[in-house]
Each structure stands twice: as C-alpha cells, then as structure tokens.
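Sequential numbering from 1 applies to the sequence shown in our numbering.
Keep in mind the hints are simulated off the structure, nothing from the lab.
Note that CB positions come from ideal geometry on N, CA and C, so glycine has one too.
Check before you lean on any hint, since a few could be wrong.
Said to hold, decoys possible - Simulated DEER-style distance windows between Cβ atoms:
| hint | residue 1 | residue 2 | range |
| --- | --- | --- | --- |
| 1 | L67 | A23 | 33 to 43 Å |
| 2 | T72 | Q28 | 14 to 24 Å |
| 3 | Q54 | R30 | 10 to 20 Å |
| 4 | K11 | E41 | 15 to 25 Å |
| 5 | G36 | D15 | 11 to 21 Å |
| 6 | E41 | A82 | 29 to 39 Å |
| 7 | G36 | E60 | 17 to 27 Å |
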Amino acid sequence: MRATVDHPCPKAAIDDAIARLTALTGTQPRLVREPGAVRIETDVTENLLERWDQLLSVLELGTAFGLTDTATGQIAWLSFTAGGGKPS
C-alpha cells in the first residue's frame with residue numbers, strides 16, 4: 001500500500017500540470033473527465049522522448065500516471081482523483 005498526501009488545491013495542481021505539458025509539448029493536452037477523476041493525456045512524440053526526464057517530472061504531479069500503447073503510438077497520461085492524494 002502506498003501512502004498518499006492530499007493536494008493542497010486539486011484544481012491548481014491540474015492547471016499546473018496542463019500548463020507544464022503545454023509548454024513541454026507545444027500542444028494543448030487532452031483533458032478527460034471521469035467519475036471521480038480527471039485524466040490529462042498527451043501523445044508521446046520523438047521530440048518528447050528526448051525530454052523524458054521533464055515529462056516524467058510532470059507526470060509525477062498526478063495521483064497516478066502511466067503510458068498507454070495505441071495503434072498509432074503511445075499516450076502519456078496523469079490523473080487526479082477527487083479527494084485523493086498523491087502517492088509518496
């Protein structure tokens with residue numbers, strides 16, 4: 001089991017992650033609202049692979065993060081759960 005730490009302001013954390021991903025990728029990430037959570041997604045490009053450490057630092061802002069394989073490539077995502085905390 002992983003300990004969690006509450007985000008001081010989830011909306012601020014979400015806005016920060018979106019702004020950082022936009023600056024890193026040059027494109028607006030996709031925002032997916034799910035029951036009890038918000039997921040932020042961006043396509044993994046060759047350029048983004050060259051900046052992997054920076055991408056990882058943004059992904060770690062979420063309560064969860066990962067990579068999803070698709071028919072056309074990979075998607076990096078992070079999510080924030082309502083009332084959830086960040087793994088420590």
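Tell me, in ascending order, the numbers of any earlier hints that this structure violates. Hints 1 and 6 not satisfied by this model.
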